[in-house]
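Q: These are the residues of each chain, in order.
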Amino acid sequence: MAIIEAKGLTRTFKSRKRTVQAVRGVDLTVDDGEIVGFLGPNGAGKTTTLRMLTTLLRPTSGTAVVAGADLLRDPLAVRKRIGYVPQAIGQTQGGTSDMCLVIEELLDQAEAYRIDGAEAVRRAAQLVKQLDLTGLDQRLVKTLSGGQRRRLEIALGLVHQPPLVFLDEPTTGLDPQSRSNMWEHIRALRADLGTTVFLTTHYLDEADALCDRVFIVDHGVIAATGTPDELKRQVSGDVVTLRVNGATEAARALLAMQPIVRELSVADEELRLTVERGEEALPVLLRVLDGAGITMSAISLSRPTLDDVFLTLTGRSLRDDSPGGGDAVGAAAELAGAGAGTGSKE
Amino acid sequence: MSFIHDTWFIFRRQVRLVLRNPAFLTIGLLQPILYLVLFGPLLANLPAGSLSGGTGTGGTADAYRFFVPGLLIQLALFGSTFVGFAIISDWRSGVIERYRVTPVSRVAILAGRVLRDVAMLIIQSIVLIVAGLAFGLRAPLPAVLMGFVYIVLVAIGLASVSYAVALTLKSEDAFAPLINSIIVPLVLLSGIMLPLNLGPGWLQGIARISPFRYIIDAMREAYAGHYFNTIVVEGLAVAVGLAAVLMWLGSRVFVRENA
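Chains as they are written, first to last, in the numbering used here: chain A, 1167 to 1512; chain B, 12 to 270.
There's no promise every hint is true.
[Said to hold, decoys possible] List time: in silico DSS-like cross-link candidates among lysine-lysine, alpha-carbon distance up to 30 angstroms:
(1) A/K1183 with B/K181
(2) A/K1308 with A/K1295
(3) B/K181 with A/K1308
[As the list claims (entries may be wrong)] A short list of chain B residues far from chain A (calculated; beta carbon distances all over 10 angstroms):
(4) L28
(5) A34
(6) L53
(7) G70
(8) G105
(9) P114
(10) V115
(11) I133
(12) G147
(13) E183
(14) I194
(15) L207
(16) R219
(17) A235
[Unchecked claim] To list a few chain B residues with every Cβ distance to chain A over 10 angstroms, as calculated:
(18) V106
(19) V112
(20) A145
(21) M204
(22) Q215
(23) P222
(24) F239
(25) T241
(26) E245
(27) V256
(28) S262
It should be emphasised that the hints constitute simulated quantities derived from the structure, not laboratory data.
Nothing here was measured: the structure is a model prediction, and the numbers come from that model.
In this text, a Cβ means the ideal position worked out from N, Cα and C, and glycines have one as well.
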C-alpha cells in the first residue's frame, strides 16, 4: 500500500528579480515499510520537495496524499501522522535547543503530540535506550557530541511512533563511525517498528547501503527511480578485469565468443570485459578459461556506483563540486539559495 | 480548546528557558531603574504645574506620578520590541520548524511566547513600581492596576509584531537597526521623559502620530486619580486597537504555509 502518493508537485519561488522553479513536477509513490532515498546534488530540489510533503511549504501546484491524509486539504492530519527530522547543517539546525535538557526535549515533543504523563515518560525512556542516549537525559543539549545530538533529533521525530518518518540529510556532518551507527538505527526503525523512512542524502554510499529504492533528483525533477542495483545495471553493466599467463590473444578469442560478454578490450596485457551480472559471470569465465588450459594471474570485478548512474543520466558527477562540471550544480545551488531567501519574504 | 492548551504548553517551555538564564530579566530592568534613580530627581525640582499643564502641585509625588507611567511604557516598548531577537536563534536552531510539523497550533507558537513576555513584563513592572514607591511615588491602587492593562496591551501587540518581523528577516543584523529606527522616534514623540506640551506647536502636532502618546497620557490621568474621562477612554481605545492590529499581523506570519 502506498503511504506517499504525490502527483505533479511543483514549487516556484518568486523574487523581484526572477522566478526560480525549485521543483518542476515530481510524481512519486512510496510503499508502506520502504526505506527510500532522495539522492541529488545541493540545490536539486530535494529539501524543497521534502518540505512540501511535510506541510512546511505549500506546493505551487500538484497534489499529494501523505500517510492517508490529503496534503492540501488536511495538513493537520498529515502532521499528526508523520515524523520529521530537519537537516542539521546549513541555514537552520536540526531542531533541538542548546539550553534544554535531553529529557525535556523528549517530553516536550511528546506533549506536542498530546501524549501525556506516564506514557510520555515511558516513550522517552524507550527512545533514550533505542538511540544509545542512555545516561544523557539530564545533560544540556549543547553539551552533546554531534552524533549524540543527531540521534536525539531522530528520537524527537519518533516520539509519537509515526508510521512514516522524513529524515533530511540524517548523517551530513557526522564522522564515518557515527554515520554507520546511524544507518544501523535507521535500519532498526523499519525492522522493529515497520516505519517507512523517506530520507534525502547526497552521499552515494548512504543511498546504496540504506535504501530499498532511490529517486535520483536533478534540476527539480526525478531523473530516475529504482533499487540501487537496478539503477546501476541501467548504466553499463559490471566490469571484469583479468590477466592471464601468456596466452592473452587466445583468451581474448575464447572470451569474445561467450554470450555473456558484451564488450571486450585488451590493454597492457589486461583483458577488460563488460558483462550483465558480474557475480554470475565470474564462475562462467573461470570455467571457460580453465577448460582451455589457460591460467589466470589476476581477476577483479568492479560494479558501477550510483555516481556512474548520475553521470550517465545528467552528464556530470554528483561529487563534482569544482568548477567545470560543477557549473550546473553551482547554478542550481544558487537558485535554491535565492528560493529560500524569497520564501522567507513572502 | 487546543489553542489554549498549545499556548500554555509553549508558554511553559519558554518560561523554563528564561529561568535557566534569568540574567535577561534583570538586564531589561536596569535601564528604567537607572532613569528612575538618575533622571527622576531632576523632575522633582521643576516648578509646580510644569509637568501636568498647570494643575499639578509640584514636588516629588507629582513628579513620580508623571515619570513612573512613562518608564513603565518605556519598559514595555523596549522589552517587547526586542523579544524578536530570541526567535531568530530559535529559527536557526530549527526549533520553530520542528514545532511547525507537529500538530501544535502555529498561532500558539507565537502566543505562548508573547504570554511569557507579558508575564516577564508584569514582574519587571512590579519591581519598577516598588522602586518608584521607595523614591516617593504615591498613586492609588486602582490606578496602578489600570496601568497594567495599558502596558499589557502594548506588550502583546509589540511582542507579536516583533516576533513576526524577526522571523521574516531572519537576521539579527537587519532586525536591530530596523527596530531602533522605528522605536526611538516613537519613544521621543510619546513624552516619556518630559511632557510634550513643553514643546513647540509643530512638535506637538507630529507627536499625534505616536499611538503611545495617547496611552501614556491615559496612564498619567489614572495615576493622578482620574479614571473616567476622554483621555483615559481614548488611551484605552488606542491600546486595544493597536494590540488587535499588531496581533493580527503577527499571527498571519506564523500561520502562513511558507515561513
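Q: The structure should be examined with respect to each hint, and the outcome stated for every one.
A: Here is what the structure says about each hint:
For the hint pairing A/K1183 with B/K181, the CA-to-CA distance comes to about 20 angstroms; that is within 30 angstroms, so the pair holds. For the proposed pair A/K1308 and A/K1295, the alpha carbon gap of about 20 angstroms is at most 30 angstroms, so the pair holds. A C-alpha spacing of about 22 angstroms is found between B/K181 and A/K1308, which places the hinted pair at or below 30 angstroms, so the restraint holds. Its beta-carbon lying about 6 angstroms from the closest one in chain A, B/L28 breaks the requirement of being farther than 10 angstroms from that chain.
The beta carbon of B/A34 is kept farther than 10 angstroms from every beta carbon of chain A, the shortest such distance being approximately 12 angstroms. Even its closest Cβ contact with chain A, about 41 angstroms, leaves B/L53 beyond 10 angstroms, as expected for a residue assigned away from the interface. At roughly 47 angstroms from the closest C-beta of chain A, the C-beta of B/G70 stays outside 10 angstroms, upholding its exclusion from the interface. Distance check on B/G105: its Cβ comes as close as 4 angstroms (rounded) to a Cβ of chain A, failing to clear the 10 angstroms threshold; non-interface status is violated.
A Cβ of chain A approaches the Cβ of B/P114 within 10 angstroms, the least distance being about 5 angstroms, so the stated non-interface status is violated. With a minimum CB-CB distance of about 5 angstroms to chain A, B/V115 fails to clear the 10 angstroms threshold, and the non-interface call is violated. For B/I133, the requirement that its beta carbon stay farther than 10 angstroms from each beta carbon of chain A is met, with the minimum near 23 angstroms. Every beta carbon of chain A lies more than 10 angstroms from that of B/G147, the smallest distance being close to 40 angstroms; the non-interface claim holds.
With a minimum CB-CB distance of about 14 angstroms to chain A, B/E183 clears the 10 angstroms threshold, and the non-interface call stands. Residue-level check passed: B/I194 sits 22 angstroms from the nearest beta carbon of chain A, beyond 10 angstroms. Every CB of chain A is more than 10 angstroms from the CB of B/L207 (nearest about 37 angstroms), matching its label as outside the interface. With 10 angstroms as the threshold on Cβ separation, the claim that B/R219 sits away from chain A holds: the shortest Cβ distance comes to roughly 32 angstroms.
Every CB of chain A lies more than 10 angstroms from the CB of B/A235, the least distance being 44 angstroms, so the non-interface label holds. Here B/V106 does not stay apart from chain A, with its beta-carbon only about 5 angstroms from theirs, under the 10 angstroms limit. Residue placement check: B/V112 does not keep its beta carbon more than 10 angstroms from all beta carbons of chain A (closest about 4 angstroms). Even its closest Cβ contact with chain A, about 34 angstroms, leaves B/A145 beyond 10 angstroms, as expected for a residue assigned away from the interface.
Under the 10 angstroms C-beta cut-off, the non-interface status given to B/M204 relative to chain A holds; the minimum distance is some 36 angstroms. Distance check for B/Q215 against chain A: the nearest CB is about 38 angstroms away, which clears 10 angstroms, and the non-interface claim stands. The Cβ of B/P222 sits about 26 angstroms from the closest Cβ of chain A, beyond the 10 angstroms cut-off, so the non-interface label holds. With a least CB separation of 45 angstroms from chain A, B/F239 remains clear of the 10 angstroms interface cut-off, as annotated.
Remark: the non-interface label on B/T241 is consistent with the geometry, its nearest Cβ contact in chain A lying 42 angstroms away (cut-off 10 angstroms). Every Cβ of chain A is farther than 10 angstroms from the Cβ of B/E245; the closest lies at roughly 36 angstroms, confirming the non-interface assignment. Non-interface call for B/V256 relative to chain A: holds, since the shortest CB-CB distance, roughly 21 angstroms, exceeds 10 angstroms. The Cβ of B/S262 lies farther than 10 angstroms from every Cβ of chain A, with a closest approach of about 16 angstroms, so its non-interface assignment holds.
In this structure, the earlier hints numbered 4, 8, 9, 10, 18, 19 are contradicted, and the remaining ones agree with it.
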